[in-house]
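From first to last, the protein sequence lines stand for chains A and B. Counting with the working numbering, you get residues 117 to 354 for the letters of the first sequence. Counting with the working numbering, you get residues -12 to 416 for the letters of the second sequence.
Think of the hints as simulated: they come from the structure by calculation, not from any bench. For every residue, glycine included, the Cβ atom is placed at its ideal position computed from N, Cα and C. There could be a bad hint or two in this list.
[Stated by the list, open to error] Across the chosen pairs, the derived CB separations fall in these ranges:
{"id": "1", "chain 1": "B", "residue 1": "367", "chain 2": "A", "residue 2": "295", "range": "27 to 35 angstroms"}
{"id": "2", "chain 1": "A", "residue 1": "281", "chain 2": "B", "residue 2": "232", "range": "30 to 38 angstroms"}
{"id": "3", "chain 1": "A", "residue 1": "191", "chain 2": "B", "residue 2": "211", "range": "39 to 47 angstroms"}
{"id": "4", "chain 1": "A", "residue 1": "193", "chain 2": "B", "residue 2": "13", "range": "26 to 34 angstroms"}
{"id": "5", "chain 1": "A", "residue 1": "193", "chain 2": "B", "residue 2": "-1", "range": "35 to 43 angstroms"}
{"id": "6", "chain 1": "B", "residue 1": "255", "chain 2": "A", "residue 2": "193", "range": "42 to 50 angstroms"}
{"id": "7", "chain 1": "B", "residue 1": "138", "chain 2": "A", "residue 2": "281", "range": "45 to 53 angstroms"}
{"id": "8", "chain 1": "A", "residue 1": "216", "chain 2": "B", "residue 2": "325", "range": "56 to 64 angstroms"}
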Amino acid sequence: MMRWLRLALSLCSCLWGVALALPGDEGMSSRVLACTACHGKEGRATADGYFPRIAGKPAGYLYHQLLNFRDGRRSYPQMSYLLEHLTDDYLREIANHFAALDLPYAPQPAAPLSRALLERGQQLVRHGDAGRKIPACAQCHGDAMTGVAPFVPGLLGLSRDYVASQLGAWQTGQRRAQVPDCMARVARQMTVDDVSAISAWLAAQAVPGRGRPAAAFKALLPMPCGGVDAPAVAGGAQ
Amino acid sequence: MRAGRAWLACGAGLGLLVLVAAGALLALNRLDEAPLQAQELATPATPALIARGEYLARVGNCLSCHTTQGGPAFAGGRAIDTPFGAIHAPNLTPDNATGIGRWSAREFWRAMHNGRSRDGRLLYPAFPYLSYTHVTRADSDAIYAYLHSLPPVEQKGRPHQLRFPFNTQLALAVWRAMYFRPGPWVDQPGQSPQWNRGAYLVQGLGHCAACHTPRNALGALRADAPFGGGRLAVQNWYAPALNSVREAGVADWPVSDVVALLKAGVSQQAGVSGPMAEVVFRSLQHLNDDDLQAMAEYLRSLPLREKPEPPVIEPTAAVMAQGREIYRQQCAQCHGDHGQGRAGALPALAGNRAVLLADSTNLVRVVLQGGYLPATAGNPRPHGMPPFMQSLTDAQIAAVLSYIRNAWGNGASRVDTIDVYRARERRGS
């Protein structure tokens, strides 16, 4: 782990020299070393799965998360601390920097999981559960589950622990977004078993291509979402 | 019979003593207070007055304490942690029920000048009225007009969480009798108007002493050591002395560098971190150049009072070797092989006062938690120091800091593993 981080940092600093020469970038790589210390080289995440990948995520999504951490809608003291005295403009620039990185994903580690669990996860991700007012994940996060630009994140290429802990944080209110907080509403419909199955299936999928988000939604959103500029089904899934 | 009389005399004497003490306590807590009943015409809240009040509220950095993270501006609720417990900043918006909607300008002035609330209660000095007492009535009225121009926010204040006896008005009255004297501002004759303006801002609304002056065991500012450097006990930062060239004194800096530090958060010589980053971000960067120049002139004129340096405890050769290796791998890419930094972007570590402070708390915290300089108009895209709390152990951080403090001509006491451990365990508090 230590050696890996050292390697990552030294690689970053090599790349820094390159980045300084790139037009338009103006040395952002060196400015975001505070991010890549935990989120891995160029924001690709590290093998331990605790800090999520940020490279190539939709720009609006990353920007909103930076605002959420700075303004207390998400809770991770170290993130809030780093962002406390940064402006909206600069956070947008940082978000755009990571969103523009088009980098391959490492293969997902194989995990011994039961067929029943994976099938249940796939069912919920692909089709949801209308009876319990759980929309399909794919309805908002894209058919390929790689997100929809610019606001909705992909769900692949993340560790099972990360996905499960985020769903748990949505349920308890520790993670929030702008109102109306659609994801909190969906997550609160889920049982512990749902979270377990969904996170297991998502973490077992290979990321197609380079995981670039889809350009647009294919249908109306199942409910209104704060900060997501897209039309929703009238009245939402009440 | 005789014994009974003696007891009576004793009791009467004691009662008299209590009365005298109570009277003194009351009198000392009512110094320089005008009766509230006196009728006076309210100053009309013109747009110009409101704009001046907004500016002055920036100078006083009212927003920082009176707003929660991401919460409505000035609506209060933020906890100010002190060694005596948490004090919750109240709602300053003009809501009638939960804010200062019913307050008069005179009552607001009494809070600023005398530290007394509208209902007569004594206020806790976490509200820095030991400094604000120097603010003029005219400036207080302008801030009042500005606060009353804000949209009212209904947000009930949270009760303070102070331990006994600090939660009693009696304890507060005794503290105030010992340590608080209201003081109207008086310009120093023989000093320039600019110097006096700077002194007024630094000692009044700027309330620099709240952090930069050391406190005694009862949390009072030490009158014998103004601006001599203070520990922020719970926040766990050290606010360096403003009257020491070894710490944060600016006597030998050009005025332009002092102004740059206050306005942009970074100058040729230094950058701001920790609580000072907040002060620059929310307050100082919004000050006009005349006021910044005035503050710089005053700060440069502070009489130097160098503290005796504690003896330097050098690191062992083994620690230096370990530290050198960690530095080469983790730090040299940005800070340079010789700690020279990169002008205009990344700070030099050789000869850097913040690196060499006898109290290494700030240094350890910067390595553990990283951090950005505040993004200001003068430095809109700051570089970020990576946090190393995930990747380096306490012993490794101690070694690399011991090396940095003793390489390239630097000389300062080593940092021990226990110093890093203490800072790590108290982070975020």
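Checked hints:
{"no.": "1", "hint": "367/B / 295/A: 27 to 35 angstroms", "result": "holds, 30 angstroms"}
{"no.": "2", "hint": "281/A / 232/B: 30 to 38 angstroms", "result": "violated, 50 angstroms"}
{"no.": "3", "hint": "191/A / 211/B: 39 to 47 angstroms", "result": "holds, 43 angstroms"}
{"no.": "4", "hint": "193/A / 13/B: 26 to 34 angstroms", "result": "violated, 44 angstroms"}
{"no.": "5", "hint": "193/A / -1/B: 35 to 43 angstroms", "result": "violated, 59 angstroms"}
{"no.": "6", "hint": "255/B / 193/A: 42 to 50 angstroms", "result": "violated, 32 angstroms"}
{"no.": "7", "hint": "138/B / 281/A: 45 to 53 angstroms", "result": "violated, 38 angstroms"}
{"no.": "8", "hint": "216/A / 325/B: 56 to 64 angstroms", "result": "violated, 35 angstroms"}
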